[in-house]
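**Q** The chain contents come next:
Number of protein chains: 2
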Amino acid sequence: MKPLILALPENGSFSKILATHLDAEIGIIELRKFPDGETYVRIDTELENRSVVLVATLAEPDDKILPLIFAAATARDLGATNVGFVVPYLAYMRQDRRFKAGEGVTSTYFAAILNRWIDWLVTVDPHLHRWTSLQEIYTMPSEVVHAAPLISSWIKENVSRPLLIGPDIESEQWVSHVAQEAGAPYLVLEKIRKGDRDVEVSIPDVDAWRDRTPVLVDDIISTARTMIETVGHLMQAELRSPICIGVHGIFAGDAYDNLLASGAERVVTCNTVPHSSNMIDVSGLLSDSIKQRGFGQD
Amino acid sequence: MKPLILALPENGSFSKILATHLDAEIGIIELRKFPDGETYVRIDTELENRSVVLVATLAEPDDKILPLIFAAATARDLGATNVGFVVPYLAYMRQDRRFKAGEGVTSTYFAAILNRWIDWLVTVDPHLHRWTSLQEIYTMPSEVVHAAPLISSWIKENVSRPLLIGPDIESEQWVSHVAQEAGAPYLVLEKIRKGDRDVEVSIPDVDAWRDRTPVLVDDIISTARTMIETVGHLMQAELRSPICIGVHGIFAGDAYDNLLASGAERVVTCNTVPHSSNMIDVSGLLSDSIKQRGFGQD
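Chains A and B are the protein sequences, given in the same order.
Counted the way the numbering used here counts, the first sequence spans residues 1 to 298.
Counted the way the numbering used here counts, the second sequence spans residues 299 to 596.
Treat the hints as calculated values from the structure; they're not laboratory data.
Do not take every clue at face value.
What the hints assert, rightly or not - Computed list of chain B residues with no C-beta within reach of chain A, every gap over 12 Å:
(1) E328
(2) V339
(3) D342
(4) K398
(5) T430
(6) Q433
(7) K454
(8) H475
(9) T521
(10) E527
(11) N569
Stated by the list, open to error - Distance ranges between label pairs, derived from CB positions:
(12) B/H319 <-> A/R98: 28 to 36 Å
(13) B/D342 <-> A/T20: 34 to 42 Å
(14) B/E323 <-> A/T20: 42 to 50 Å
(15) A/K16 <-> B/G551: 32 to 40 Å
(16) B/P307 <-> A/D44: 46 to 54 Å
(17) B/Q595 <-> A/S176: 33 to 41 Å
(18) B/T430 <-> A/E60: 33 to 41 Å
(19) A/F34 <-> B/P447: 23 to 31 Å
Glycine included, every Cβ here is placed at the ideal spot set by N, Cα and C.
Can you build the whole structure from these sequences, using the hints too?
**A** If you want it as structure tokens, here you go:
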């Protein structure tokens, strides 16, 4: 039988594209709040002996977790054989150790919550830094897909004479990879610290790049602080207005407007978090990975 | 060693009174949101080998559950021997069966979440209807305390010539009990159904009660719809403006103002959910119960 997709609120459009790729059915789920703020859930599709795929991106995660768990538990109660989770943006990956005494390592707690209710998980570029793999904290079967090839393709098709920019030395590996796939040169900014708060940025061979369109790429654009700083350095060096690409456009507060105001020519994101800047569709990557792993197959 | 109380946001005042009753220490917990909406937690008090008591009421519960779980998990990570939970208002007790095919029985799922992270629990008058005891869904040791004696005392001290009112026949047992303790008469309204939407309410011997102050009591005032209706019936019968007492004042939207506007002379609640109507302090009940059960004792 076809797997059954249940879209959590605001994930309807993404689920429809995913269902087409997966040849899955879309089930009817009602999720709403009672006047007292509690969540009500009802699944109006027969679930007996079916594989269920929940779809929910987790930007601003805190009030999404109960609806998600309730949907998973209800599906199981109603006879679903397994409950998977397509989560284009996975939250709580950043607090990956105790940076300061007394802190909670929320990445592990959040994973433990999901491990209890979900059978498998597929996501796009989780913020893996000190954790080197999702499996270190997610005990369920999981798969990570990478947006880099899609970003390279988008640059190739949409930017003439691009110049990939790495904001610092740590970004070199990632930026060089995207640049190579896009058939474009890349540049890594060198920070020269002149004092506690006085950081100068040197752009090597700057004159060679004036006819190029700089392209900044990062995994998450949240406050956009780092990107806004980098745009500032490029403007100071009198390079062209850059294009800013994020895999996940969280855009906390006015981050999107601030980034455009800082001098970015354009801001482009993948559709892992619904936003007007979504230009790169990751649903095909996710469905390929689900099919390859045989997730949701009876 | 003294048990250590950790107050979740908005539970600081209540925790202070509770700490005095329990002779407990109050620990320092920092809970805040990152710009992207994720929760940060840090406990700045030594927890090694200590008993921790989390204090959090759960009105509007959905975005409170991750901070609560993170606080519990962090306390355990930092060496707490056990993590208890004082929850003056316990959420998700109302969906206690599948009223309609496909519904999730959220009371059981919510209990399962807490069972995973919390070692014991004490609460005030949870909405037990089809569940007859908290133990049916909460597997951890738990204790329920009842506000009825405090409500009776409050009525005795603050209302001259009270008349307890039960809105319907199901409320008789509870209302008669509060009335007896308060040394007051009580009255149960009789609904006479004249058609699908035409319900008349008869008040037996109405003339005998005109010099009394009606007192309505309910466990939860959420939308206040039932109470507003009952106030309406009393006003129609030309009884005095009633006093409305709720154990838990949730007051969804404009419920509090609407209840006053409907003709209630005054609205009074217990301090299980912080609100300007709080007049009845339940912290002593909770601390007595904690001490009696030996919760949080090493």
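**Q** Confirm or reject each hint.
**A** Hint check:
Separation of B/E328 from chain A is inadequate, the least Cβ-Cβ distance of about 8 Å not exceeding the 12 Å criterion. Not every CB of chain A is more than 12 Å from the CB of B/V339 (nearest about 4 Å), against its label as outside the interface. The non-interface label for B/D342 is inconsistent with chain A: the shortest C-beta to C-beta separation is roughly 5 Å, within 12 Å. Its closest Cβ contact with chain A, about 7 Å, brings B/K398 to no more than 12 Å, contrary to its assignment away from the interface.
At the 12 Å boundary, the C-beta of B/T430 stays outside the reach of chain A, the nearest C-beta of that chain being 21 Å off. Under the 12 Å C-beta cut-off, the non-interface status given to B/Q433 relative to chain A holds; the minimum distance is some 20 Å. Every C-beta of chain A lies more than 12 Å from that of B/K454, the closest at about 30 Å, which supports listing it as non-interface. Every C-beta of chain A lies more than 12 Å from that of B/H475, the closest at about 25 Å, which supports listing it as non-interface.
Non-interface status of B/T521 relative to chain A is broken: a Cβ of that chain comes within 12 Å, the nearest being about 5 Å off. Even its closest Cβ contact with chain A, about 16 Å, leaves B/E527 beyond 12 Å, as expected for a residue assigned away from the interface. Here B/N569 stays apart from chain A, with its beta-carbon at least about 18 Å from theirs, past the 12 Å limit. Between B/H319 and A/R98, the C-beta spacing of about 33 Å keeps the proposed range 28 to 36 Å intact.
At about 51 Å, the CB distance of B/D342 to A/T20 disagrees with the hint of 34 to 42 Å. For the pair B/E323 and A/T20, the supplied restraint of 42 to 50 Å is violated, since their beta-carbon distance comes to about 58 Å. At roughly 33 Å, the beta carbons of A/K16 and B/G551 sit within the given window of 32 to 40 Å. Taking the beta carbon of each, B/P307 and A/D44 are about 37 Å apart, not inside 46 to 54 Å as hinted.
For B/Q595 and A/S176, the hinted distance range of 33 to 41 Å is not satisfied, since their beta carbons lie about 60 Å from each other. The supplied range of 33 to 41 Å is met by B/T430 and A/E60, whose beta-carbon atoms lie about 38 Å from each other. The supplied range of 23 to 31 Å is met by A/F34 and B/P447, whose beta-carbon atoms lie about 30 Å from each other.
Consistency note: the structure conflicts with the earlier hints numbered 1, 2, 3, 4, 9, 13, 14, 16, 17.
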